[in-house]
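There are 2 protein chains.
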Amino acid sequence: MVKQARAQITRDAIILGAAKAFDRQGYGMASIADIAAEASVTKGALYFHFQSKDEIAHAVIEQQHDRSFSAGAAIIEEGLPAIETMIRLCASLAEQLVTDPIVQAGIRLTTDVSNFERPVADPYEDWLRTFETLTARGIEEGDIVATLDPAMIAHFIIPSFTGVQLVSETLAGRTDLLQRVREMWTILLPAFVPADRYDALKDLPQLVPTTPAAPAS
Amino acid sequence: MVKQARAQITRDAIILGAAKAFDRQGYGMASIADIAAEASVTKGALYFHFQSKDEIAHAVIEQQHDRSFSAGAAIIEEGLPAIETMIRLCASLAEQLVTDPIVQAGIRLTTDVSNFERPVADPYEDWLRTFETLTARGIEEGDIVATLDPAMIAHFIIPSFTGVQLVSETLAGRTDLLQRVREMWTILLPAFVPADRYDALKDLPQLVPTTPAAPAS
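Residue numbers (our numbering), protein chains in the order written: chain R, 1 to 217; chain Y, 1 to 217.
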């Protein structure tokens, strides 16, 4: 048991080291030696857990998506109205992107299409399904215009969020990300919400904080 | 003169070869030898024009942005209403992304943040300025809600388009890109257009064709 726990600690240290090395040097330039040094483990210990840089990168993406998606699941379980849940999900991922180096690295590895032979699609599919379900529920709850197609809405919100965080990273090192996500929902709300519900819902974008609530993990 | 023209032809062939090599192998994996082979030039000829892969990549981005931005300038010069111009600009870039290998490679090099030491920001800045100006004109023309902030709108449209094309590439090899850009404007129009102008403008998203008009260059 102690041995297993120690192995898990080493594996997590390698994943965090890889996240930092990828962030500083880019995936292409970071070597296995760089990752081992960043994680303070020997190359031997690293190769005990991972066979290649590609495998480490996929472990970073997996851990990032686990963190982001389980934070999302906790929000969904609160049972709030769907439109509020959607905004809180975007706020949660934006906060993780500002504070958590593994989330930063995992999302960047996902959006840098050239890194892998096949682009990483599963995280998008998970979020698309989630937002399609939420949009359908938002229509039932009367908070989203009934003529809108839930799949179409999901296929716009998820890519939009993807682009907003990418451009924020590129132009501002993500310093304006929370503000941009709040603006995103300020712009989208009149497009989604029926006119007679707008006054009741128009302050929802303020659910996106302008400074992150959670400290870096 | 002949010599100069021949040098330009070689340079263009290298840029096109690099675009294809980056597309197939990714920027990180494509070697100078791969690019020379794809361009059917010798490595010596390649090094006469470019000192490094990094320099070639920036030339690809520059040529892509020139093509995309000059196609955009031609649309702006038509003097159409601003809201229509904005939709046509998105349609034009989407069509280039479906048909033109240099545009495909240039955009991917721009969005793959890890490729370069400093992320590529200039193309975003050019498009942000353009869309901010157009949004301000759209407000003057009465087609965009006067309370919306042009900078905020531009800072949402450009990232949204960036994400829509990125996710379309990742999930569908861009086969659904034109449809997704049309849907983007179908969703955004009610958010931007004053209620009393909506009926007159609601068919504008159909300006985005669902099959590309221009053949590959």
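FYI, nobody ran anything at the bench for these hints, they're computed from the structure. Here the structure is a predicted model, which is why all the values come from computation and not from measurement. Be aware that a few hints might be false.
Which copy? The list can't say, so a pair holds if one copy fits it or any two copies do.
In silico SDA-like links for lysine to any residue, alpha-carbon gap of 20 Å or less [what the hints assert, rightly or not]:
| hint | residue 1 | residue 2 |
| --- | --- | --- |
| 1 | Lys202 | Ala146 |
| 2 | Lys53 | Leu128 |
| 3 | Lys20 | Glu117 |
| 4 | Lys3 | Glu77 |
| 5 | Lys202 | Ala33 |
| 6 | Lys20 | Leu201 |
| 7 | Lys20 | Thr133 |
| 8 | Lys53 | Gln25 |
| 9 | Lys20 | Phe116 |
| 10 | Lys20 | Ala45 |
| 11 | Lys53 | Gln63 |
| 12 | Lys202 | Met152 |
| 13 | Lys20 | Thr175 |
| 14 | Lys53 | Arg118 |
| 15 | Lys20 | Lys43 |
| 16 | Lys53 | Gly28 |
| 17 | Lys43 | Ala71 |
| 18 | Lys43 | Leu16 |
| 19 | Lys43 | Ala136 |
| 20 | Lys53 | Val113 |
| 21 | Lys202 | His58 |
| 22 | Lys53 | Met29 |
| 23 | Lys3 | Asp199 |
Status of each hint after checking the structure:
| no. | hint | verdict |
| --- | --- | --- |
| 1 | Lys202 <-> Ala146 | both (18 Å within a copy, 17 Å between copies) |
| 2 | Lys53 <-> Leu128 | neither (28 Å within a copy, 36 Å between copies) |
| 3 | Lys20 <-> Glu117 | between (22 Å within a copy, 15 Å between copies) |
| 4 | Lys3 <-> Glu77 | neither (35 Å within a copy, 70 Å between copies) |
| 5 | Lys202 <-> Ala33 | neither (51 Å within a copy, 57 Å between copies) |
| 6 | Lys20 <-> Leu201 | neither (39 Å within a copy, 48 Å between copies) |
| 7 | Lys20 <-> Thr133 | neither (35 Å within a copy, 39 Å between copies) |
| 8 | Lys53 <-> Gln25 | both (13 Å within a copy, 17 Å between copies) |
| 9 | Lys20 <-> Phe116 | both (19 Å within a copy, 16 Å between copies) |
| 10 | Lys20 <-> Ala45 | within (18 Å within a copy, 39 Å between copies) |
| 11 | Lys53 <-> Gln63 | within (15 Å within a copy, 33 Å between copies) |
| 12 | Lys202 <-> Met152 | between (22 Å within a copy, 17 Å between copies) |
| 13 | Lys20 <-> Thr175 | within (18 Å within a copy, 35 Å between copies) |
| 14 | Lys53 <-> Arg118 | within (15 Å within a copy, 23 Å between copies) |
| 15 | Lys20 <-> Lys43 | within (16 Å within a copy, 36 Å between copies) |
| 16 | Lys53 <-> Gly28 | both (10 Å within a copy, 13 Å between copies) |
| 17 | Lys43 <-> Ala71 | neither (33 Å within a copy, 51 Å between copies) |
| 18 | Lys43 <-> Leu16 | within (15 Å within a copy, 40 Å between copies) |
| 19 | Lys43 <-> Ala136 | neither (49 Å within a copy, 57 Å between copies) |
| 20 | Lys53 <-> Val113 | both (16 Å within a copy, 18 Å between copies) |
| 21 | Lys202 <-> His58 | neither (39 Å within a copy, 43 Å between copies) |
| 22 | Lys53 <-> Met29 | both (11 Å within a copy, 14 Å between copies) |
| 23 | Lys3 <-> Asp199 | neither (58 Å within a copy, 68 Å between copies) |
Comparing the model with each numbered hint stated earlier shows that hints 2, 4, 5, 6, 7, 17, 19, 21, 23 do not hold.
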